[in-house]
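In order, the protein sequences belong to chains A and B. Position 117 of the first sequence, counted from 1, bears residue number 116 in numbering that gives the first Met the number 0, the numbering being contiguous throughout. Position 124 of the second sequence, counted from 1, bears residue number 123 in numbering that gives the first Met the number 0, the numbering being contiguous throughout.
None of these hints come from the bench; they were simulated from the model. Built from N, CA and C at the ideal position, the CB exists for glycine as well. Hints are not guaranteed to be accurate.
Claimed, not checked - Derived lysine-lysine pairs resembling DSS-like cross-links, with alpha carbons at most 30 Å apart: (1) B:K84 / B:K117; (2) B:K147 / B:K123; (3) B:K12 / A:K72; (4) A:K41 / B:K147; (5) B:K19 / B:K4; (6) A:K72 / A:K41; (7) B:K60 / B:K147; (8) A:K6 / B:K123; (9) B:K84 / B:K60; (10) B:K60 / B:K12; (11) A:K41 / B:K60; (12) B:K172 / B:K84; (13) B:K60 / A:K72; (14) A:K41 / B:K117; (15) B:K4 / B:K147; (16) B:K117 / B:K60; (17) B:K123 / B:K84; (18) B:K19 / A:K6; (19) B:K147 / B:K172; (20) B:K60 / B:K19; (21) A:K6 / B:K12; (22) B:K19 / A:K72; (23) A:K72 / B:K117; (24) A:K41 / B:K172; (25) B:K123 / B:K88; (26) B:K147 / A:K6; (27) B:K123 / B:K170; (28) B:K16 / A:K72; (29) B:K147 / B:K170; (30) B:K88 / B:K12; (31) A:K72 / B:K88; (32) B:K4 / A:K41; (33) B:K147 / B:K117; (34) B:K84 / A:K72.
Said to hold, decoys possible - Away from chain A, derived, C-beta distances all over 10 Å, residues of chain B: (35) G11; (36) Q87; (37) A136.
Claimed, not checked - Pair by pair, the computed Cβ-Cβ distance ranges are: (38) A:V89 / B:N81: 31 to 41 Å; (39) A:P60 / B:G158: 36 to 46 Å; (40) A:R43 / B:S89: 32 to 42 Å.
Next come the chains, spelled out residue by residue.
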Amino acid sequence: MDREYDKMLDLLIRSMDMELAEADALALEQALSDSEALRDEKVRLIAMRERLAEWTAPEDPNFAERVLTNLGKQVEEDLSAVIIRLFPRVAAACVLILGVALGTIYVTEGSLMMDTIIGVNEVLLEDAVLLVEDGF
Amino acid sequence: MHTDKELIELAGKGNQKAFKLLVERYQQQVRTTVVGMLGDVAEADDVAQNVFIRFYQSMDKFRGEAGLGTYLTRIAINLSLNELKRRQKSVKRFLSFSRPSRDIDLPDKSESPDRLEKRDSINKALQALDPDFRTIAVLRLVDGYSVKETAEMLQLPMGTVASRLARAQRKLKEILRNE
Chain A
0 MDREYDKMLD LLIRSMDMEL AEADALALEQ ALSDSEALRD EKVRLIAMRE RLAEWTAPED
60 PNFAERVLTN LGKQVEEDLS AVIIRLFPRV AAACVLILGV ALGTIYVTEG SLMMDTIIGV
120 NEVLLEDAVL LVEDGF
Chain B
0 MHTDKELIEL AGKGNQKAFK LLVERYQQQV RTTVVGMLGD VAEADDVAQN VFIRFYQSMD
60 KFRGEAGLGT YLTRIAINLS LNELKRRQKS VKRFLSFSRP SRDIDLPDKS ESPDRLEKRD
120 SINKALQALD PDFRTIAVLR LVDGYSVKET AEMLQLPMGT VASRLARAQR KLKEILRNE
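Here chain B stands alone, though its shape is the one from the complex:
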């Protein structure tokens, strides 16, 4: 099996198969981060795809200091926050205009209804958090990065991350208890 570094080198030389392997290797991680940030909507799919397209376009800048998963997660968080800002602007602009949500992901029929329901309730609980708290909850509780890694990724002091994380958990606990 090729390492990430080998695949990146091959992809950099125009080998699409190598790039596809990288996408397949990290797609679930990236999609989980983006869906956690934006919800299970069409925009999340666009953003997740953009993460890999951005990475492809700037592959030469990847120095491998952080793992590729961390690097892609960082891009995913930045693009998701941009998308949230864009949403906020359009909500402000069209406050009275109710826009139908573009839910595209059809439920995976192989999943049990119970599992789907659980997935949905977690997603809804995450979406109920403010973006600042959601970002930290997704990175720490869903993606499993440590408080230190989360702080480094978001360029925030560890104390801020810890206190936002505590508040996020209180809120999540409240929402999930009432489900």
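Looking at chain A on its own, in the form it has when it is part of the complex:
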């Protein structure tokens, strides 16, 4: 292809998206008046750009509904992910609290028997009966 023509074609394409420098604009104007091929190229370019500007994705009437459905699923998944992610930490915290509580009981009461843990080791059976009868 003629280098000069190629240069003018480049200017022609650029002129459709931005303002050219004055010298370039004049050169292009001159080239357009001299070259029928360039004028044809301009017509083709404009037609192509119109086709592209009119082009859209095919209509999809159910799209918004699908987005909302997937959004709901995503929220559920996010919640599950949070629970799964937090579970080891929560479990570790529970074990720690239980350990501290049992340690405290052992230090203060000197035993880890079930009665000690639930706090009835010092309650006599008779007292328990009286408490129940009095409704605590």
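Chain A is fixed; fit chain B onto it per the hints.
Okay, now just chain B, sitting in the frame of chain A:
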């Protein structure tokens, strides 16, 4: 009619109807950008949906400096480029494995065959461009953003955008002339 800002506020408070209205308002714009970038395939539908899901999840970050359409287009371009990278990786990984394309969109029967053919030829021409050139062609020629807006959106110098745009048009012209 509610403004975007009002709908975003309502959606932020958990009003799904408001969010649906926003999706309906911008779905065609977003889908056109994504289909322009990825072609009319199932992945494009997934990506377009993800654009709105991402927006919903980060709605509080939207400050309204750019219009919502521009904001969503930016997310659409980023997610499409990620999808193209993912595709490239899987192509490299399974070079010898031919994967059937997941075309899902059945043609809209209300459209004339001529219109469908035109739509298809534009789509094929866009897909023939390299992603860097395609991104600019989609933003400037399909979505109608100016060179300056395109440059800002892609964080590229205007000169780079203009020269890629010129090359993209030369290639598109060539492909569409031979169709």
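Quiz item: Which hint numbers does the structure go against, in order from smallest to largest?
Solution: 6, 11, 16, 18, 21, 23, 30, 32 and 37
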